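As they're listed, the protein sequences go chains A and B. Position one of the first sequence corresponds to residue -12 (the numbering used here), numbered consecutively onward. Position one of the second sequence corresponds to residue 661 (the numbering used here), numbered consecutively onward.
Just so you know, the hints here were simulated from the structure itself, not pulled from any lab data. In this text, all values refer to a predicted model and were calculated from it rather than measured experimentally. Some clues are possibly wrong.
Here are the computed lysine to aspartate or glutamate pairs in the DMTMM-like style, where the Cα-Cα straight-line distance is at most 25 angstroms [unchecked claim]: (1) K843(B) x D830(B); (2) K140(A) x D873(B); (3) K140(A) x D830(B); (4) K843(B) x D915(B); (5) K140(A) x D50(A); (6) K733(B) x E817(B); (7) K888(B) x D986(B); (8) K140(A) x D880(B); (9) K733(B) x D781(B).
From chain A, some residues computed to sit far from chain B (all C-beta separations above 10 angstroms) [stated by the list, open to error]: (10) V60; (11) E552; (12) R588.
Note that the Cβ used here is the ideal one computed from N, Cα and C, for glycine as well.
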Amino acid sequence: MTLPAALFSHYRRHPLQLLALAAMIVLATMLWTGVHHLTSQARASLDQSESAVAERQQVARTDGSPVTVDDFVELRRAGLCVMPWLEVSEPEGGRVVGVDPLAAGCFQAPGGQESPWDGELDGRPFVDISEAAELAREQGSELSLLVSDDHSKADLPPGYQLVPFSVGPATGELGDSFLLNLDALGVLVLLITALLVRSVYLLGLAQRRDSFALLYRFGVPRGRVNRLLVVEILLLAAVCVLPGIWLGRWLAAGLGSGFGQALEGLFDQPLYAGQGGSWLVPLVTMMAVILVACLADFLRPIFRGLVGGNRRYGGVVLLVLVAGLALTVWVTDLLWLFIAVAMVFVAAGILAPRLIASLADWRSGHDRDLQARWRHRELAVLARRLALPLVALQFAMAMVLAVQALVTTFESTFDRWLAQRLEADYYVEVPESADAALALDWLAEQPGLSASGLWHRVIRGRATLPGGEDEEETRVDVFAIGPVGPLVTGWELFESAPQPWQRLQQGQGVMVNEQLARRQDIAVGQTLTVLFGSQSFELPVLAIYPDYGRPAGEILIHPSVLPAEFETGFQSLSVSPGNLSIEAVTDGLKGVWQVEALTVRDNRAIEELASAIFDQTFLLTRAMTTLTLILAAIALLMMGWVFFSTRAWYFRLLVVWGLSRRQASVQLVRLSVSLTGAIALLALPLGVWLTWVLVHRINPIAFGWSLPMAVYPGFWLELGVLSMLIGLSIAFLMSRQLKSPTVAPVNANALAGGER
Amino acid sequence: MRRWIFIWFAVVLAGCSEPQQESGFAGLASIADNESGVPFLQPGAGERLSFPEDYGPHPQHRIEWWYLTANLKTEDGEPLGLQWTQFRQAIEPRPADAEPPDANNWPLEAAWMAHAAVSFDTRHYFAEKLARGDVGHAGARAEPIAVWLDDWQLEAESGQSSWRLQVAADGWSYDLTLRITGKPVAHGDQGFSAKSADGEGSMYFSLVDLQIDGRVTLGDQTLEVSGKGWFDREWSSQFLKSGQQGWDWFALHLDSGDKLMAFQLREEDGGFRAGTWIPADGEPIALGADQLNLTSLTQGDGYPRAWRLEVPDFGLNLEVAAPVGDYRNTGLYPYWESPVSVSGSHDGVGYMELTGYGE
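Make the full structure from the sequences, and use the hints.
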């Protein structure tokens, strides 16, 4: 018999072990492939969503009349890159957008911007404009003429002006931040996958200790056996990775489409294109991960040699943990932050099973109850022997905790950000020729509006903050809002002076956005010099408000502060008409301004569309974390069961010592639940810490603004219940095994470390 | 997006869903059939040209084009080639006397595509524009002639004897005056130009003697240009026979004052050749396949840049070659459109169009 045949004959005698090994590789591959696929999909989904809501410019008539096909023709004949955008309400609710792909061709010209939508016109909300026009015959519709960013006001024929256009406010860096966090989580999942693979590999080695001992006795060098083992795991990986990839894609597709159906797909197409994507990336990644997981065995002695003995080793790990924690607080560089996170995870991964084992050992030394003493002693052994799958579950739980908090935070931030940008139900644009003051008087006189509605005027323009001696001046966007009312006073403020909104209303100061405050190091109470044209104003800073990633500096003031020479860029009225209809308001304004038509933006419809577009991304992220947790739990269940099986002989001793089978089962339940419960408990601080790093460290370092951090104890409880269920399942499987009369005694050497 | 437009236009051009190889280059071998009550009209032998109506659009035909090529020279005597083409592709046929659909409904009964190119000093500038028909920003009119897509336009300037062509692309433009001399030349059988032995074909006439002058701007460089042009009008509902892969087309101004149009439609086993000999004095003569020899002088794959063109009946043995440079029009349907020089039994200049070479 050749050496390879002798080595591999182990699996001929124990085919179930081979099956378990193969199943774990398939499972680990499935996990990573599924997550990788969902992450890619979430990324694509976010890109698509951002492209759809990106802020652009449109052409409007200066006389306030709505634009028509004739205007489109005139502008195109004048050489402008203009495309029609026809929004139509659908009878069953929602809205579609009719676009002309042929007219949009010029948006793709060299140097031109991206088209306002991306993808095929094979479903909602984007349809061919002729289809939308047909719907528009019965439903309300609104035609906009989007114009390429290359054009300026000077390019327009007389009678037209450029005004901003967006389906929703631009997400700015909010989206970028989300993607960065997705990437960080992708790396974490890879680590979890590696741990699962490694645990499989080590379990395999432990199970074959007898066979190896025999081979050594026959004079086979250890190095040769090790090399053959690497070949073996690679061969096995090659066979198992492909079905794992296929299963991962299938699972991700199932999850994606399942969530998609729940969402009732905004795009009326499968959320998840299961056939797309490359096979090569997961294949190469998984093979590399498996190789590293195997080679780590050869690297470990070198590492141990470097750090010395076991005790010193523990001290070094503790030092790494403390250093990692300290670094995450102090570093200001993203790379170092990721290194610090990696340090904390490595240290936590090494320490967690040791901590459980030490505590269990300590408890067993103090227990008077013999059964408890046995249980704790056994728990210590299990914590040491099942270290890797336990750590994988700990990381998975920590990650799921962090992702859940992150996604919920992003969602609520997104909602708040939408609410901040779209605070009123409607925006009414003030036509260029109209006097906004007349409208203010008219609005103030409407009893219906005073009783139940809300409104304010917004004047947009630019101002300059003069720099210091060596600093350049800063251009900022100005938002002059008045009267200051509940439409804005509900905004969350990071910092504020007493009664900030009242003082803003009285023109006694200025509010600045987070970006500006961070860049210019502006604090509440400080006096800010603002130049409106040539006039300089000294205004105290009343508050700093969150901007959720809008990169431009902004200041918020009351219109009464603005000097006469202030150049108004754009004026609008934010109106929530309350009991009145918006038509009553706009009809009144048309009368006041003597115009035939007004440009009115329905903010609630915009909010609905933007939320629906982004919900898809959040749902995919949730699908990703659910998948991670499920597979990590299954992995632990499998590993736990396999490992418990190797100790079944010891568990049967409980019956031999006089416990009834039921009592023995109770001991097993307490043992396994303690194990999984302990790991869930240890995952909790790691998960909360990871959430903190994601929202409070990565975001400010990468983008200069922070997200609010929230914790969700309800979700912790759910995870705790899940860990109990895993423990109970292991115990249930073991109890069944105890009933079997054919459990053979296992040689202690067959178990890793030979503990008993 | 661009891919989508390509697919969309391919479907539109094909008019139905048969595979591209079945429908020839740019779908031009698609069957002239549609599901609505009004049929597409397919030109046939015996059909006659009608002026000035045939300068305008033919809404009951599936495809047509207005095609100008010009061999110009700068003030320094440097050769400059120039092309302007506007295509109309019908999705729904419409009788010529029927009212067009309401523009407010953004109809999609026809699509327009315009191409413009300038070839100068080994460089080739190309631009493409697309538009839906019947909305108004693209269209054509017979009398006085006007063909436009956005701000690109060909318009009669003073009566019908002088036209103005204006094109402004990204970084380059031209503004030309075209003086019409001579009568329209009807190709084939009094305007019906067969494209296969089975009877597929198009209505086709040309203005072969345009005197052109104007200004071409390439970046910062403004060039005063003048020279000769060739204007084609062609329409059909099915140009190519199924299995025809593309065509090689030549329009040549010989120094003798004679002109020659020749083309071949390539098939797996041979193809179909035809042309028109337009003597300096006298009536145009249609050339059949047996009167024309067309041989590529270029080895290897890709667009053949040099050809031998023989018409023994008229003593023509010409070598036609494109100048150095890449003259592909890289739009939705890439094809070769280059000025050529003529040598051999006669000297001259002209234009060469090569399509369906597998891009």
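Evaluation of the provided hints:
The suggested pairing of K843(B) with D830(B) is violated, with an alpha-carbon distance near 35 angstroms, which exceeds 25 angstroms. Using a Cα cut-off of 25 angstroms, the hinted pair K140(A) and D873(B) is violated, with the two alpha carbons roughly 34 angstroms apart. Distance check on the hinted pair: K140(A) and D830(B) sit about 19 angstroms apart at the alpha-carbon level, within 25 angstroms; holds. A threshold of 25 angstroms between alpha carbons decides the hint, and for K843(B) with D915(B) the separation of about 20 angstroms falls inside it, so the pair holds.
Pair hint K140(A) plus D50(A) holds up; C-alpha atoms about 16 angstroms apart against a cutoff of 25 angstroms. In summary, the hint linking K733(B) to E817(B) is supported, as the alpha carbons are separated by about 23 angstroms, within the 25 angstroms threshold. Restraint check: the Cα-Cα separation between K888(B) and D986(B) comes to about 22 angstroms, which is no more than 25 angstroms; the hinted pair holds. Note on K140(A) and D880(B): the hinted pairing holds, with a Cα-Cα distance of about 24 angstroms set against a maximum of 25 angstroms.
At roughly 11 angstroms between alpha-carbon atoms, K733(B) and D781(B) fall within 25 angstroms of each other, so this suggested pair holds. Chain B draws V60(A) into its interface by the beta-carbon criterion, the shortest separation being 4 angstroms against a cut-off of 10 angstroms. Every Cβ of chain B is farther than 10 angstroms from the Cβ of E552(A); the closest lies at roughly 38 angstroms, confirming the non-interface assignment. No Cβ of chain B approaches the Cβ of R588(A) within 10 angstroms, the least distance being about 22 angstroms, so the stated non-interface status holds.
Consistency with the previously given hints fails for numbers 1, 2 and 10, ordered from lowest to highest.
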